[in-house]
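Whole structure, please, built from the sequences with the hints as guidance.
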Amino acid sequence: MNFTPKVAEILRNYESDNPGTKANLARILTHGKLGGTGRMIILPVDQGFEHGPARSFAVNEPAYDPHYHYQMAIDAGLNAYAAPLGALEAGAGTFAGQIPTILKVNSSNSWASAVNQAVTGTVDDALRLGCAAIGFTIYPGADDIFEMMEEIREMSAEAKSVGLATVIWSYPRGGKLSKEGELALDVGAYAAHMAALLGAHIIKVKLPSAHIEQKDAAKSYEGADWSAQAARVAHVVKACFNGRRLVVFSGGASKEANAVFQDARDIRDGGGNGSIIGRNTFQRPREEALAMLDRLVRIYKGEE
Amino acid sequence: MNFTPKVAEILRNYESDNPGTKANLARILTHGKLGGTGRMIILPVDQGFEHGPARSFAVNEPAYDPHYHYQMAIDAGLNAYAAPLGALEAGAGTFAGQIPTILKVNSSNSWASAVNQAVTGTVDDALRLGCAAIGFTIYPGADDIFEMMEEIREMSAEAKSVGLATVIWSYPRGGKLSKEGELALDVGAYAAHMAALLGAHIIKVKLPSAHIEQKDAAKSYEGADWSAQAARVAHVVKACFNGRRLVVFSGGASKEANAVFQDARDIRDGGGNGSIIGRNTFQRPREEALAMLDRLVRIYKGEE
Amino acid sequence: MNFTPKVAEILRNYESDNPGTKANLARILTHGKLGGTGRMIILPVDQGFEHGPARSFAVNEPAYDPHYHYQMAIDAGLNAYAAPLGALEAGAGTFAGQIPTILKVNSSNSWASAVNQAVTGTVDDALRLGCAAIGFTIYPGADDIFEMMEEIREMSAEAKSVGLATVIWSYPRGGKLSKEGELALDVGAYAAHMAALLGAHIIKVKLPSAHIEQKDAAKSYEGADWSAQAARVAHVVKACFNGRRLVVFSGGASKEANAVFQDARDIRDGGGNGSIIGRNTFQRPREEALAMLDRLVRIYKGEE
Amino acid sequence: MNFTPKVAEILRNYESDNPGTKANLARILTHGKLGGTGRMIILPVDQGFEHGPARSFAVNEPAYDPHYHYQMAIDAGLNAYAAPLGALEAGAGTFAGQIPTILKVNSSNSWASAVNQAVTGTVDDALRLGCAAIGFTIYPGADDIFEMMEEIREMSAEAKSVGLATVIWSYPRGGKLSKEGELALDVGAYAAHMAALLGAHIIKVKLPSAHIEQKDAAKSYEGADWSAQAARVAHVVKACFNGRRLVVFSGGASKEANAVFQDARDIRDGGGNGSIIGRNTFQRPREEALAMLDRLVRIYKGEE
Amino acid sequence: MNFTPKVAEILRNYESDNPGTKANLARILTHGKLGGTGRMIILPVDQGFEHGPARSFAVNEPAYDPHYHYQMAIDAGLNAYAAPLGALEAGAGTFAGQIPTILKVNSSNSWASAVNQAVTGTVDDALRLGCAAIGFTIYPGADDIFEMMEEIREMSAEAKSVGLATVIWSYPRGGKLSKEGELALDVGAYAAHMAALLGAHIIKVKLPSAHIEQKDAAKSYEGADWSAQAARVAHVVKACFNGRRLVVFSGGASKEANAVFQDARDIRDGGGNGSIIGRNTFQRPREEALAMLDRLVRIYKGEE
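Chains as they are written, first to last, in our numbering: chain A, 11 to 314; chain B, 11 to 314; chain C, 11 to 314; chain D, 11 to 314; chain E, 11 to 314.
These are computed hints drawn from the structure, not numbers from a lab. Hints are all accurate, no fakes.
All copies of an identical chain are treated as equivalent in the list; a pair is satisfied when it fits inside any one copy or across any two copies.
No farther apart than 25 Å at their CA atoms in a straight line, the calculated lysine-lysine pairs in the BS3-like style are these:
no., residue 1, residue 2
1, K216, K265
2, K229, K189
3, K32, K311
4, K311, K16
5, K225, K265
6, K16, K248
7, K170, K32
8, K229, K265
9, K16, K43
10, K32, K43
11, K170, K16
12, K225, K189
13, K311, K216
14, K225, K248
15, K189, K265
16, K248, K311
17, K216, K43
18, K216, K186
Given the structure is predicted, the values throughout are model-derived calculations rather than measurements.
So this is what it looks like as structure tokens:
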């Protein structure tokens, strides 16, 4: 039984949510090898939508099959699997009840001319597919950010009323933000905080750099040492209601395994709740990916 | 991980259900000490509604507290806990994610003048409370049976559309049925069959006696030996689409522990899917009840 | 391709229906061994609801399994299979696209105190299960007949708007009707006519006897010879808008095979559109039932 | 073009109706041989529902076919054809645009135990079938009269909102009314008045006798000579808002032709708007019926 | 009976769909000369909308008549016929039940100023017209792509709930895509993948060239030989969930018959599910078109 005091403590932070939403958060928090630790690893597979199938899967051909990802998330003992509508539909029957799923309800693609996403799934879809949560991306900084915020406001209100949880991917992008600024510490913390203010149960952001983008914010960051990634993670956790909201960090593009492990140690040490890691797993051969995920689990358990 | 081939096999029988409903059935089937075996023990606590609080709980005072029952079902490793609206509301927050729950959406009481029940919960309630299923009682034989059937038709259609499962308590009562007839083999099999035809995912009936009530049916039962309870259970299983639907048996009023164990052995040997056992647990002291439930688990596992 | 001029001619009679409903009628009329002949054999399995499982299936145990009936209807090359909600749900996935199905949307049972039925399925159910039609029973003569008529008016209007067909089982029963009267020629013709006036696409009645029940109607039947069953069938066909509506006849309780064959010859010779035959098939061993159905097909084809 | 000053004058009486409803009344008033005269003959064929097919049609077999009646009404140059749902559906495609139709939306039958009717059609049906009006029967005096009134209130409100007209068949029956009383002058006038008060555009009543049923009303009828049928018709017309509402009279059971003609002359002379005549036409051979209808037209035109 | 193991295998991939949608997919897969092979040929006639009537039909005048196309699809034994609302309405009554139809629910035209389409049909239309599926075009790359995706999300959710299938035409167009890029292999595979992620049951794309458009994707295509069309088809099939979704290829503008045949062989050899072929049939004389379609059938059957 993975319903530990740690999980109970985390759920108490969601004090305005109904028991249905708490139960779905609990499902994610108690599932898999990290079940009960308060940490989690989530497999997201929306790269096909974002970058196209070949860029996503050609390097590891079995990954063209949606069942591959379900099975990977299950075999690796992850906490949840997140994907767009069609990908979940292609496996939700076979894998019903085997792993919590998150329906990614909006999606972008490489050719989009606007810094925005299309709403491609609904709360009703999430219910009929047995999902524990919906996932939604916002682009703070983009010209369309108010529209995106209003979309997730409406969808998360509906999700909460039927006992689902809401995960917000908060990715600063567009508008006046510089490319470097998208990963800036102040920007990342701000983006995480807005997701929390929008009512997200789980917040997904990128690991921030030590760069400070906003002139107005610079003063607030003076005098502290942000060179350590764990310190930056801790700052983002603080921005998420001082740890009252779960925050997970994305790994970004494929990279060398040791870098992935170091990121996880920093997330752990900074008090982050875990990793949401896609390309770094499904773009590796299955055995290699499983070995990497197993090591990530051990890191989050504090075993190495 | 309790998602065994046995569970997958059972889920395949629910071939018209969406993945959400399958996932909720899977949650019940994979939870607790019997998780993965295809057998289950469910704790139902609607006695307070049916018989009043003192008749139900005075013999074991801690049972006045709804948390007592949640904790009992969790500690005993049962598959699910079923109760009316208020009772679930009183504990759904504390125990969110710890055990699958079934919202009993209709209820009778000792003073009712009609052989019927009031609809006291909804599918929306079940969603906000994080339930895996709704539970509904029908009284085949009663004058109001058509009304009851039309109520559950509407509620189970709604439940199925949002990924919940439906449990039907099918208790012959009223009309021309004799008291002895309510427990008759032919009557019990018929009641179970009607629940299946109404679209129930899990059917709950009483353990039938060897009595045959209906004259028209007598011929169909001739020439077979119905003296063994396991044979009678097997007949009811057959009436549930030849085993394509899960069927659990209620224990009835409190009785001596060995009788409870023998019932379980007969249910197991007849191919039934388990017990739904209320008074026989919560009307015993907690330690005694836990010991009894533990032994029931071992019986269903075939260990004794 | 079974879309014959005969089928086109029949469809033209449904001149107020939309193409969706016509297409579903065509599916029934072109399917199976009688496809294209304008005749049909339908397998209805609602005996479990009406008489209980043992009385229905004990004589041929494999028939406890809902898949048995789907497979029987398919293997025998019948035009359609009709059953209540739960029975269709138990096989609609496996057999999707293999045979037209009719969702029986109301059902009675042996213990009912009223001469009425419960509405146990909906048009939405029929759509999600891929049915070609809904089926509904009315009891002309019963005290509740107006209520039943109003239920089918609402359901068939909804069915027609979404392109489904409506089959009405019209069984005189209750009120002042004598037992003999339920099968009387005048009563049967009247019951068929009311089904037509209610907007049924296919009308199902029992084979009438030569008895005339209503004193007021006696005069209208004088001077003709009603001793031949084919003549009585022809009269019922006339009552169904002079053949503008499809009418099929039920076989009643199990009986000797030659009687079943003679019934079919009379239906054929009287211009009826076929048989709806349940107990006489599923209460026989499978091979025997298949042989009987094959011979019925040959009879309807005029081959014997 | 039959849109005469007379028609315009009649339409002006329907001063709260929308132009759609007025246009449909105009369609009836301008169609056929009596088009433009302010008089009308309507063919109603609901006898099959009320009395069964054989009692209705055996005497003139072609009348079993719904097309027969459409064609009769068209060939005789009548103003409108009224029938229940199934009968209109069977010909509405073929005869679309050839004659105004009235959907009879409630129906009784010979076996009904209540003095009431089932609602068997809807305003939506009337629209999709291209009808000019709905027709509804009330039984003033019956125990269920309030329910019937509430049904027509709802249906005629809906009809008016979509531009259809409402015809009320007002037939005193049931309760404390004596058999003789059902045709009494005071009763008939009262029944017609209630139909007018319920918002009917066209009122259909039976030709009243000179009998006065209600003691309380007797005084009001004293001192006048009611022996002439035309005088009784004039009294009914007065009860219909002093002629502001169209009122037509039914012919009752089949009878000798001269009696039918005399009735028409009395209706004409009393200021009634015409006849609604069923059995007296379709229970005669077609040529005879056409000749009778032609003579009725001449009578209403004042030509004989 | 064309319900082969191959069809059953394909249907199993649609594991989140209800039996109604599976039955409609089965209808398409079992109909016509290719019924049961897992391959299909679909006749789409939306050229009149896209290019105007003269450009579409002047070369073969009988094709101005919508019945011509229905009859062609039926006589050629194709799997389905797809067209916009008015074109289906013009023949759906006559051809009801003779061939599965697909309602094209959005349409563009030659004068449109936006790279988008108007929604010109609905799921309700598809039901009343007896269609098996809706068809929808998206233009990945266009400025309005998010709006188009949101439209089909809503319509396909509704379609799935009532048992219809969804076909997505995915045609890269607009935005930064070069003309050559619209047919590029990487672009076509990406477009097909997005249709799958949006929940399409059947995906329609153009046969891709060997050109690679996206710089970011170039690396993923390196080292493989894309000169063979069959290899490119196989890549697109992979992008459709590794073959878990049906994918058919359009033939493009009219061309020489041998080129059409070679395309079909390549589609077949690459594992594609068939052709959707419009102009190449209806812009040829009927006999020539039938001969061509017959040869395409033989090619898909592997007979030449």
